[in-house]
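There are 2 protein chains.
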Amino acid sequence: MSNINEITRQIKTDSFQMSLLDGEVRNRALASIEKALQEKKDLIFEANDTDLKNAAAAKLATPIVKRLKFDDQKLSDVISGIQSLITLKDPLWSDLLIRELDSDLTLHKVTCPIGVIGVIFESRPDALIQIATLCLKSGNCAILKGGSEAATTNKVLFEIIHEAGVTAGVPAGFLTLIENRAEIDELLTCHDTIDLLIPRGSNEFVQYIMSHSKIPVMGHADGVCHIYADETAEIEKAVSIIVDSKTQYVAACNTVETLLVHRTAAAQLLPSLKNVLDEKMVAIRGCEETRKIIECEAASEADFGKEYLDYILSVKIIDSLEEAIFHINKYGSHHTDSIITENRDSAAKFMLLVDSAGVYHNCSTRFADGYRYGLGAEVGISTGKLHARGPVGLEGLVTYKYKLYGNGQIVGDYAEGKKSFHFKDL
Amino acid sequence: MSNINEITRQIKTDSFQMSLLDGEVRNRALASIEKALQEKKDLIFEANDTDLKNAAAAKLATPIVKRLKFDDQKLSDVISGIQSLITLKDPLWSDLLIRELDSDLTLHKVTCPIGVIGVIFESRPDALIQIATLCLKSGNCAILKGGSEAATTNKVLFEIIHEAGVTAGVPAGFLTLIENRAEIDELLTCHDTIDLLIPRGSNEFVQYIMSHSKIPVMGHADGVCHIYADETAEIEKAVSIIVDSKTQYVAACNTVETLLVHRTAAAQLLPSLKNVLDEKMVAIRGCEETRKIIECEAASEADFGKEYLDYILSVKIIDSLEEAIFHINKYGSHHTDSIITENRDSAAKFMLLVDSAGVYHNCSTRFADGYRYGLGAEVGISTGKLHARGPVGLEGLVTYKYKLYGNGQIVGDYAEGKKSFHFKDL
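If you read the sequences in order, they're chains L and R. Note that the working numbering has the first sequence beginning at 1, numbered continuously upward. Note that the working numbering has the second sequence beginning at 1, numbered continuously upward.
Please note that the accuracy of each hint is not assured.
Copies of the same chain look alike in the list, so a pair counts if it fits in one copy or across any two.
[Unchecked claim] Derived lysine-lysine pairs resembling DSSO-like cross-links, with alpha carbons at most 30 Å apart:
id, residue 1, residue 2
1, Lys-292, Lys-74
2, Lys-41, Lys-280
3, Lys-69, Lys-59
4, Lys-89, Lys-35
5, Lys-53, Lys-419
6, Lys-292, Lys-12
7, Lys-35, Lys-155
8, Lys-12, Lys-69
9, Lys-214, Lys-59
10, Lys-349, Lys-109
11, Lys-424, Lys-155
12, Lys-74, Lys-419
13, Lys-292, Lys-419
Don't read these hints as lab results, they were simulated from the structure. Everything numeric in this text was worked out from a predicted model, so none of it was measured.
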């Protein structure tokens, strides 16, 4: 038996002990973690310096270095995240339904933890803290694997969080750090002990995980977001939203990749937009019609449906709202898509028929985020349709079970008509 | 491109049209279907006679023939099912959350259909009607493949339901019947167009589906249900519940397969139980300790965790509640498990720590069923922990999307502190 297999079996056992912890104990552990992170921040910054030096030596790209950096500002952000997590209502053991099936036979649909969750995430050390604390608050055990660039920082963060949690009375298996890439493949075979995988990373990586494991996967492979500027789009509003959606954080999954413009809006919108995008160094790749209005590179078929994660925007002129919806459902990744229009009916139709986790009217695609939705934080964003969709916060980390309380009832009596159900919701 | 691939692409397009239908139209279609089934019942019974004759010629086992039979009683059951489905609240377009993120920036979390659902089910023609009508009520398109033994009945039922639905204004793609086993393999590759698979059938078959498709799967492979008779179990109650759980319908997934008995209850319980099980022709396979108390075959390790689907019950004597919980979490299939005890604390601990969709106190495992839970009907029972768990009714057939209504808001303003969120739930 492999090492990881044994480890996850022990974590599974600990996950049942997690179920026995009061919400108060979980909150107390969160408070201890918050305190420990503050007290030991010099250790964290020191470790982060090592990672940053290694990154500089390896000449890693600026966006990666920016994500890797863990400073006072990022510490203060995660601290306030933990504080607000403590104030949030316990997501466990709520009755979603209480139904009397018959006298003395009562069904409760009760929220409970999912169990053991594996999260594989990118090179942001703050992500480790967010994921660990969200899983703790929701009574789940987390197995984490972070980006190798952040290995030194992650190890120190893990040790601080783990020690603080265990000291506060949480079972040791509540948090496990995997440091070796090869161990991920072992993890994928542990469908008896791991209940859910949340992979964050490249499309290729997420597809790999989905194809190589029977464990359910939540997350997204791609973030191909669209903006559609309708006939009645206000030009100034449209330019501002498009520029924010493209440039506010170019490497995010909720960044816009393709702009669709209704033919009647194009002549006015595109030149104004180009002026601002030029300043921001965004390259436009336009369809033939677009190139009759503004100067830009030609878009090929491959440009549509592509996640650039870069200062590039593809632009296509279209003839109708229906064409926009069809294009987005065909080329998009069901993440987040926005319509800019002053026509409420068009907005309503777009928001009904675009098959995405987020459908927006007159605002930036960059709002697709757990914090901005008021969920506290997120473990990831799901483009799947089952369980949780869009940013996944605490609610997405719980499931439910049915508890049925009886007093000797048997089904035979109901099948033979001796008794009958009366279904009364309490 | 394969035929099935093209067909599912068209169904996907129709699924968006389904989204545009009012709840009233869907209900009207359900009423038409109900009427058509009544009017054309002779056609259905005639087709069913053909299937029954073929079954007799092929010498199929009695339980299969029983499931295959579609008579006045079964028609009347499905008719009343459709009638109650019509009265149920529309599961679509409910606001699960309305949150003002900032003034003029409002987030709605709204229920919506999943889209296209593939259901592969066993030889019960009534299942076809239940699944088709549940999917219609919830605005989903259904692709159905039934057991080959029921092919003639299924074809007639499909034609009646499809015609009635389309005449009532539902897009043709709302229901598709697949008649060829080979087409299932093509279906498994259609992850771009099919949103969810619900396989009902043998463990082997469900495992095959899970391993050969990227489409999310909801359902259960096994139904290995347990009853644990605790120290304080009342003997008469226990015998009645165990016998019902084993024999009320022996081929069901919620039938008990293993009985765990606390050592102190065994000497009293087992002889009484054996008397009744002998009458019902149930064979007991007991552990060594069991065989010191009653005469029975010896259970091997392979008997625990086995779904007999037959008149066989494995029995094991154990020493504690903890051992029962450990045994069930190890050998069970996370379906439904019941404790028989007069001790409320033991019941609470059992129901907290047994990791199953249904955890019962003093009642039969056979209650695990959509109809008996008051869900109207079910498309299946899920032992997974994501999305829907236990019997899956209408609620399990919907997902949600986030709609965000703005007026030009961009994330840059919030990142730079020019604006801030105020998160107010409306």
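A quick look at each hint next to the structure:
no. : hint              : in the structure
1   : Lys-292 / Lys-74  : neither (46 Å within a copy, 66 Å between copies)
2   : Lys-41 / Lys-280  : neither (36 Å within a copy, 69 Å between copies)
3   : Lys-69 / Lys-59   : within (15 Å within a copy, 72 Å between copies)
4   : Lys-89 / Lys-35   : within (21 Å within a copy, 48 Å between copies)
5   : Lys-53 / Lys-419  : neither (74 Å within a copy, 36 Å between copies)
6   : Lys-292 / Lys-12  : neither (61 Å within a copy, 35 Å between copies)
7   : Lys-35 / Lys-155  : within (18 Å within a copy, 66 Å between copies)
8   : Lys-12 / Lys-69   : neither (33 Å within a copy, 44 Å between copies)
9   : Lys-214 / Lys-59  : neither (37 Å within a copy, 37 Å between copies)
10  : Lys-349 / Lys-109 : between (35 Å within a copy, 16 Å between copies)
11  : Lys-424 / Lys-155 : neither (53 Å within a copy, 38 Å between copies)
12  : Lys-74 / Lys-419  : between (62 Å within a copy, 20 Å between copies)
13  : Lys-292 / Lys-419 : neither (76 Å within a copy, 38 Å between copies)
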